[in-house]
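> The listed protein sequences derive, respectively, from chains A and B.
When the letters of the first sequence are read in order and numbered with the numbering used here, they come out as residues 1 to 340.
When the letters of the second sequence are read in order and numbered with the numbering used here, they come out as residues 1 to 339.
These are calculated hints, taken from the structure and not from any lab test.
Ideal Cβ placement from N, Cα and C applies to all residues, glycine included.
Mixed in with the good hints, there may be bad ones.
Unchecked claim - Here are the computed distance ranges between Cβ atoms for each label pair: (1) A:272 with B:65: 53 to 59 angstroms; (2) A:164 with B:309: 49 to 55 angstroms; (3) B:70 with A:160: 30 to 36 angstroms.
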Amino acid sequence: MTEIRPSQGPMAPGDDSLFPTTQAIEGEVIAPEGSVVPTVDDTQAAGLELKARSQWSYARMRFFRHRLALVGLVGLVIIFGAGIFAGVVSPYSYAAIDLEHILQGPTHAHWFGTDALGRDQFTRVVWGIRTSMEVGVFVAFLSTFVGLIIGAVAGYYGGWLDNLLMRITDLVLTLPLLAVLLTATALLGQGNQWRVSLILVFFFWTGIARVVRGIFLSLREKEYVEAAKASGAGDARLMFRHILPNTLGPIVVNATLAVGTAILVEAALSFLNFGIKPPTPSLGVLVNDAQQSPQTPTGGTTWWLTIFPGLTIVAIVLCVNFLGDGLRDALDPTQRRMRA
Amino acid sequence: MPEPLLSIDNLVVEFKTEDGIVHAVDGVSYELYPGETLGIVGESGSGKSVSTLALLGLIPQPPGRIVSGTAMFKGRDLLKLKKRELRRVRGNEVAMIFQDPMTSLNPVLTVGFQLGEAIKTHFPDEKDQAVKKRVVDLLKLVGVPNAETRYDQYPHEFSGGMRQRAMIAMAITNSPSLLIADEPTTALDVTIQAQVLEVMKRVQHETEAATVLITHDLGIVAEMCDRVLVMYAGHIVESGTVETIFRAPRHPYTIGLMNSLPKLTGDEEWLEPITGAPPSLIDLPPGCPFHPRCFLAREKCHVENPPLAPVDAGVGHRSACHFSEELAGRKSKFSEAVA
């Protein structure tokens, strides 16, 4: 292979002129006669100062003007904050049994009431948030990562590779989620949250892969990709430096929404007794527990056992979706319109 | 005569479509000498872009296919390079300026980053500081005001003219010895066009790069180029120095092109457009591809495709017309302007 780099490359060391091959006389301005190229000094003299704004400052501005997104963000910070600092926030231990206060409604001592074993429902909801959050975030991250790679490769290269990868995706999509999950749990038994998460990832990457593939398919035809190619960029650089940043918006939105969906599915599974193994409290486990003790000893309903974890699930998913929506608007650099 | 920098011989490019095979470039040969500016003019679909895109392997294959030809550049055949070798040539030895600056810059990356990329791609070990300094200098060279500030801006914060300047800066980052400009001013306002052409001239002067300028604007050719190729239906129909071609064109198509341009001086009679439409590249007429529209067309033209043959002596003027001799002495609409 012959080396085609010029011996005096543009970045040749020890030479600080722009184009070393040119025999420029020091201080002489090289421009054709009658050149009308405006120079830097002209415009600066005219007082045309421009303030550069970074993409992030624009994005931040757009995000903070999006009210629902802020609501979502604040809500999530509060809820997930409680989950992260569950040990500090919760007044009791999540397994502490108090047989003297069984199935009590909300009181000063037990804000969300107690369950059939006298465990503090507020404590259990807080720990449940923690588990659900772990599942949601883990599933969102890993499935986005997997889906991104597969979608990017399929969309960028196209052809038989695209066909192969997309048929695999279709195959996974045709599997009935619940049936497979139930079978898996039936075979493996109930596991901890990480195992449930891994099973969820197996199903969740498909959505992202399809979205990413679609975007890559259209973006790889863009002129700026061709321009980058014409300046010598290779496949990996084109894919991850030039095309990927353009897909960031939809990916972030999808990933955020995946957090919500994963939490919902986990709750559904746990509710059906096929998800996370008790005593680890997850929000779904809590709702399931509520089913076991529908009535207080005195015959009243145990509404607090269902309502609090249920509302928490709704609140999380709602906040996540608001946040995702706001992020999508904020991260799209081509969108100049500001929300009022 | 110096060694040619680029020498293309019998390039044939085809595209497979559902309606048949499109003969986009059909046996094109030309040479480019160091430091010169070669204009390629022709209508849309005459193969002017395709013939240069093929050099850098930028034709999508399939449906495109380079059927035959060689393109010797610095002792190597560009058309036979491996993908990896070709990538080192692109943006380094041979750089391209694209037509539409509005879409040729990535909207989510800063202009500075994209220019820096062009350097980093070929010189990955270069320090960020040095790259940034060079990019800022390049932006200054092409007349982007407040280059330091502009460095951190996104393409949407640039105007069309500024973007094209940035594209030019990007093309010359690695001081290429061959610059291909594919209709660099077509998407711009006339006033901006003039500025961008000035920038191009300046850049050529600085880098001493040989330039292939693809355009359909004869005015730009007259302004910028040393030599010109006229293309029609995938063939070169006439070539020569700008002065010769404008003064005394010897191909009916070139004459037709000039007659369809308005003259800004003196009284203008009716413009004379070339009658008819360009032929289908799938089903080229037999003989000379221009004969259905040609005022000189005779029996022979229906049968035999004329070769690109020298006219007169010296000066490198060539025309692909059986009857180019009959056009001798005929003045073009622009002869006075050239003289």
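> Each hint needs a verdict: does it hold in this structure or not?
These are the hints, each one checked on the structure:
The beta-carbon spacing between residue 272 of chain A and residue 65 of chain B, approximately 58 angstroms, falls within the hinted interval of 53 to 59 angstroms. At roughly 53 angstroms, the beta-carbon separation of residue 164 of chain A and residue 309 of chain B lies within the given 49 to 55 angstroms, and the hint holds. The beta-carbon spacing between residue 70 of chain B and residue 160 of chain A, approximately 31 angstroms, falls within the hinted interval of 30 to 36 angstroms.
When each numbered hint is compared with the structure, no violation occurs for any of them.
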